[in-house]
Amino acid sequence: MAKLLYSATMSLDGFITGPGGDMSWMTKLPDTGPHEVADGIWQQVGSLLIGANTYGGDDPNAGTEAEGAFGGLWSGPQFVLTHNPPAAPVPGYTFVTDLRTGVDAALAAAGDRYANVLGADVAAQCLAAGLLDEILVFIAPVLLGDGTPLFRHPGGTFAGLEEISSTPGPTPTIWYRVRK
Numbered sequence: 021m022a023k024l025l026y027s028a029t030m031s032l033d034g035f036i037t038g039p040g041g042d043m044s045w046m047t048k049l050p051d052t053g054p055h056e057v058a059d060g061i062w063q064q065v066g067s068l069l070i071g072a073n074t075y076g077g078d079d080p081n082a083g084t085e086a087e088g089a090f091g092g093l094w095s096g097p098q099f100v101l102t103h104n105p106p107a108a109p110v111p112g113y114t115f116v117t118d119l120r121t122g123v124d125a126a127l128a129a130a131g132d133r134y135a136n137v138l139g140a141d142v143a144a145q146c147l148a149a150g151l152l153d154e155i156l157v158f159i160a161p162v163l164l165g166d167g168t169p170l171f172r173h174p175g176g177t178f179a180g181l182e183e184i185s186s187t188p189g190p191t192p193t194i195w196y197r198v199r200k
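Using my numbering, the first residue of the sequence shown is number 21, and each one after it goes up by one.
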């Protein structure tokens with residue numbers, strides 16, 4: 021059975037994008053060599069649930085072989101959560117207008133793999149609705165000072181987390197299960 025996973029690379033000070041949604045900082049990270057979790061996570065993902073800002077946002081690898089999800093390695097069903105779907109179909113994407121429909125579709129399409137959330141706003145909505153199962157964070161060795169935080173929910177949202185695994189190194193990784 022599929023699980024809903026939010027995975028993101030975050031600066032040490034807690035941001036997944038720089039100011040204005042800038043993702044160019046991702047191309048400036050030092051090459052830290054092989055990373056067991058980062059190098060293999062894309063193979064565990066069966067579908068994507070993407071926020072509108074992420075869909076229309078900055079891909080730091082645009083125009084290169086690494087363009088797209090997981091450095092261009094991943095392909096599969098992609099669901100974009102938006103209040104304003106395009107009038108004409110966009111190849112490779114299904115647009116949904118409510119959270120539950122998007123989550124259900126992404127989970128069904130994922131099969132026995134993860135439905136991976138891309139976008140802090142959608143992840144926060146999933147968390148607040150009690151739909152998020154796991155969170156995987158790669159901590160990049162940079163400070164951004166401003167941008168989109170890993171989580172933001174006006175008024176706050178308390179979520180208890182239980183560690184599944186952690187990986188030390190130049191880009192530490194922490195994988196949590198959301199307590200429900």
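Bear in mind the hints are in silico, worked out from the structure with no lab data behind them. This one's a predicted model, so the numbers in the text were calculated from it and none came from an experiment. Ideal Cβ placement from N, Cα and C applies to all residues, glycine included. Careful: at least some of the hints might be erroneous.
Pair by pair, the computed Cβ-Cβ distance ranges are [unchecked claim]: (1) 76 <-> 121: 12 to 22 Å; (2) 60 <-> 175: 15 to 25 Å; (3) 96 <-> 119: 33 to 43 Å; (4) 52 <-> 119: 32 to 42 Å.
A quick look at each hint next to the structure:
1. 76 <-> 121: 12 to 22 Å: 20 Å Cβ-Cβ, so the 12 to 22 Å window holds.
2. 60 <-> 175: 15 to 25 Å: 37 Å, violated
3. 96 <-> 119: 33 to 43 Å: Check failed, 20 Å falls outside 33 to 43 Å.
4. 52 <-> 119: 32 to 42 Å: 35 Å, holds
In the structure shown, a violation is registered for the earlier hints numbered 2, 3, in ascending order.
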